[in-house]
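2 protein chains.
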Amino acid sequence: MSQPSFQDFYPENVALCYGCGRLNEHGLHIQSYWDGEESVCTFYPKPYHTAIPGYVYGGLIASLIDCHSTGTAAAAAYRAEGREMDTLPAKRFVTASLHVDYVRPTPIEGPLALRSRVKDIKGRKIVVSTTLSVHSVVCARGEVVAVQLPDDWVPAL
Amino acid sequence: MSQPSFQDFYPENVALCYGCGRLNEHGLHIQSYWDGEESVCTFYPKPYHTAIPGYVYGGLIASLIDCHSTGTAAAAAYRAEGREMDTLPAKRFVTASLHVDYVRPTPIEGPLALRSRVKDIKGRKIVVSTTLSVHSVVCARGEVVAVQLPDDWVPAL
Chain A
1 MSQPSFQDFY PENVALCYGC GRLNEHGLHI QSYWDGEESV CTFYPKPYHT
51 AIPGYVYGGL IASLIDCHST GTAAAAAYRA EGREMDTLPA KRFVTASLHV
101 DYVRPTPIEG PLALRSRVKD IKGRKIVVST TLSVHSVVCA RGEVVAVQLP
151 DDWVPAL
Chain B
158 MSQPSFQDFY PENVALCYGC GRLNEHGLHI QSYWDGEESV CTFYPKPYHT
208 AIPGYVYGGL IASLIDCHST GTAAAAAYRA EGREMDTLPA KRFVTASLHV
258 DYVRPTPIEG PLALRSRVKD IKGRKIVVST TLSVHSVVCA RGEVVAVQLP
308 DDWVPAL
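Top to bottom, those sequences are chains A and B. Quick note: the first sequence uses the working numbering, first residue 1, plus one each step. Quick note: the second sequence uses the working numbering, first residue 158, plus one each step.
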């Protein structure tokens, strides 16, 4: 997609995440976008992201759901305030809990299509539900409880 | 530790997992052992396994809990039958569901100490509970429902 992703707006000091940080040179670099009321992310696994041969490693699936959900939570928090993601103060969410149901083995050829919906916004806590599909067949379902970092919590670089 | 880990006993055709396969050259190579009734695993994150700077990426934590739990489930299934892990038929478990509560940020210096207990064995389904600690401070708790692969399910290499 040509428009910037949620993760493109993360301030530099929180853009080093292995899953979604654009500045982590070893990372997965996942990118998330709005598609109406839902958020979407497409990911192409590497051949070594395998579990049982031919299928995607469950830890990768958990990682994708995790980062796509915290990104969605951040985007939803901006949207709830009617703000663009490039405005300050920056909002960044971390994961309080993660649940994944592995519905069926996920073919490693992919592409893995994640689609999420904000289930609940309550103060600084946002619940995000996700499906992960390959060619429209749901292979995993996830739910993340994301919590907004305090505004004055600026990590050292 | 000098004794072989649970993962050292995995047959070659299921030893390619990114998280725990000894034959995956890009993988995490986690190794699990019995410590009495509990299973243990120690992992040293790489500097790039970061989330917010200074802290471990939640997807890595989920991955470690996932693979250590399925390994523990396999070891427990052998033990329940009074069999050694190098005997056939091989038992291999996959993850049906994964839940992680991130209790506090996990310092990336580590080492990450995982400690698991088999909570329930019911037929081919084993539930494993895990804590992940750094210097004895619990940073995350996990629960995995692991399901044994059918004996005749031999993946292609």
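There could be a bad hint or two in this list.
Ranges of calculated distance between the beta carbons of each label pair, as one might list FRET restraints [as the list claims (entries may be wrong)]:
no., chain 1, residue 1, chain 2, residue 2, range
1, A, Glu81, B, Gly193, 50 to 60 Å
2, A, Glu25, B, Val294, 42 to 52 Å
3, A, Lys125, B, Gly211, 38 to 48 Å
4, B, Glu241, A, Gly36, 51 to 61 Å
5, B, Asp277, A, Asp86, 46 to 56 Å
6, A, Trp34, B, Tyr205, 35 to 45 Å
If you are wondering where the hints come from, they were derived from the structure by calculation, not from laboratory data. Glycine included, each C-beta is placed from N, C-alpha and C at the ideal position.
Verify the CB-CB distance for Glu241 of chain B and Gly36 of chain A against the hinted window 51 to 61 Å. holds, 56 Å
Regarding Trp34 of chain A and Tyr205 of chain B, is the given constraint of 35 to 45 Å on their beta-carbon distance met? violated, 29 Å
Should the hint that Lys125 of chain A and Gly211 of chain B are 38 to 48 Å apart at their CB atoms be regarded as holding? At 23 Å between Cβs, range violated.
Val294 of chain B and Glu25 of chain A - C-beta distance against the hinted 42 to 52 Å: violated, 30 Å
Mind checking the hinted window 50 to 60 Å against the Cβ distance between Glu81 of chain A and Gly193 of chain B? holds, 52 Å
Outcome of range test on Cβ distance (Asp277 of chain B, Asp86 of chain A; 46 to 56 Å): holds, 49 Å
Comparing the model with each earlier hint shows violations of hints 2, 3, 6; every other hint is respected.
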